[in-house]
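Colleague: The C-terminal residue of the sequence shown carries number 225 in the numbering used here, and the numbering is unbroken.
Quick caveat, the hints were computed from the structure, so don't treat them as lab data. All figures in this text were calculated on a predicted structure; none of them were measured in a lab. Hints may contain errors.
[As the list claims (entries may be wrong)] Quick list of the computed label-pair ranges, beta carbon to beta carbon:
{"hint": "1", "residue 1": "S13", "residue 2": "R220", "range": "19 to 27 Å"}
{"hint": "2", "residue 1": "E3", "residue 2": "R143", "range": "37 to 45 Å"}
{"hint": "3", "residue 1": "P140", "residue 2": "P47", "range": "23 to 31 Å"}
{"hint": "4", "residue 1": "T93", "residue 2": "R143", "range": "12 to 20 Å"}
{"hint": "5", "residue 1": "T8", "residue 2": "D100", "range": "18 to 26 Å"}
{"hint": "6", "residue 1": "S80", "residue 2": "P144", "range": "40 to 48 Å"}
{"hint": "7", "residue 1": "G203", "residue 2": "A42", "range": "22 to 30 Å"}
We treat Cβ as the ideally placed atom computed from N, Cα and C, and that holds for glycine.
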Amino acid sequence: MREPKGLTIQLESGATVSARHYTSSAASSLGSTLILAHGAGAGQTHPWMVARASALAARGLDVVTFNFPYMERRRRAPDSAAVLIACYAAVLTKVAAGTDGRVLVGGKSMGGRIATELGAARPDENRLSGIVLLGYPLHPPGRPQQLRSAHLPSVRRPMLFVQGTRDSFGTPSELQAELDRLAVSTTIHAVDDGDHSLIVKRGGRPQELVFDEVYEVILRWIAAL
Numbered sequence: 001m002r003e004p005k006g007l008t009i010q011l012e013s014g015a016t017v018s019a020r021h022y023t024s025s026a027a028s029s030l031g032s033t034l035i036l037a038h039g040a041g042a043g044q045t046h047p048w049m050v051a052r053a054s055a056l057a058a059r060g061l062d063v064v065t066f067n068f069p070y071m072e073r074r075r076r077a078p079d080s081a082a083v084l085i086a087c088y089a090a091v092l093t094k095v096a097a098g099t100d101g102r103v104l105v106g107g108k109s110m111g112g113r114i115a116t117e118l119g120a121a122r123p124d125e126n127r128l129s130g131i132v133l134l135g136y137p138l139h140p141p142g143r144p145q146q147l148r149s150a151h152l153p154s155v156r157r158p159m160l161f162v163q164g165t166r167d168s169f170g171t172p173s174e175l176q177a178e179l180d181r182l183a184v185s186t187t188i189h190a191v192d193d194g195d196h197s198l199i200v201k202r203g204g205r206p207q208e209l210v211f212d213e214v215y216e217v218i219l220r221w222i223a224a225l
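Please construct the entire structure, taking both the sequences and the accompanying hints into account.
Modeller: If you want it as structure tokens, here you go:
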């Protein structure tokens with residue numbers, strides 16, 4: 001595995017956050033970069049994030065991960081939505097300035113939601129080609145009436161949702177009901193028996209094969225944009 005390159009992102013507030021650039025090899029590069037934001041409870045160095053970023057880079061997709069301000073400062077509670085979105089916007093600006101290729105945003109759980117919030121807040125952002133969501137948090141567990149989808153109609157870029165069928169934050173069928181009302185192109189890839197982290201129950205398909213399929217879905221979707 002290639003070691004990622006460390007980056008520092010300057011925020012409008014004057015603070016900085018750390019980021020990592022997982023580069024693909026020149027031979028296999030797709031010429032695209034995915035910014036992958038972490039979930040609420042674990043930062044960019046969590047094994048789940050490192051494994052996903054490394055595997056996608058090995059398959060030809062450059063990946064940039066970063067910490068939101070609260071995670072950078074080792075605080076437990078996430079920042080306000082405005083702070084999270086502003087941080088993501090700063091990362092997008094930094095990444096887009098360093099490449100002529102396509103740039104996509106996305107993330108795991110909360111990180112993905114903030115990516116869509118960014119897309120909704122900046123519908124005419126020409127540096128943004130698409131959004132990749134891994135376990136979108138459609139609603140809190142056990143509270144399906146508290147939907148986090150009101151902003152999605154304002155998104156103007158294609159979105160790929162990779163969602164486990166056992167995801168307590170929203171199943172693929174629950175998600176589809178919300179996406180059907182959108183004008184923008186959306187794709188759902190359902191991970192059979194997968195939970196919020198796309199982990200399947202023991203005794204079923206090997207987890208490695210499950211993630212291999214997820215990687216291929218992401219790469220094919222990006223290539224078709």
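Colleague: Okay, P140 versus P47 on CB: inside 23 to 31 Å?
Modeller: holds (25 Å)
Colleague: Assuming the hint says 22 to 30 Å, is it satisfied by the Cβ distance from G203 to A42 or not?
Modeller: holds (26 Å)
Colleague: Given the hint of 19 to 27 Å, is the C-beta distance from S13 to R220 inside that range or not?
Modeller: violated (38 Å)
Colleague: Indicate whether the distance between the beta carbons of T8 and D100 respects the range 18 to 26 Å.
Modeller: holds (22 Å)
Colleague: Regarding S80 and P144, is the given constraint of 40 to 48 Å on their beta-carbon distance met?
Modeller: Given about 25 Å between the Cβ atoms, the range is violated.
Colleague: Do the Cβ positions of T93 and R143 conform to the proposed distance bound of 12 to 20 Å?
Modeller: With a Cβ separation near 35 Å, T93 and R143 fall outside 12 to 20 Å, so the hint is violated.
Colleague: May I ask you to test the hint 37 to 45 Å on the CB atoms belonging to E3 and R143?
Modeller: holds (41 Å)
Checked against the numbered hints listed earlier, the structure breaks hints 1, 4 and 6; every other hint is satisfied.
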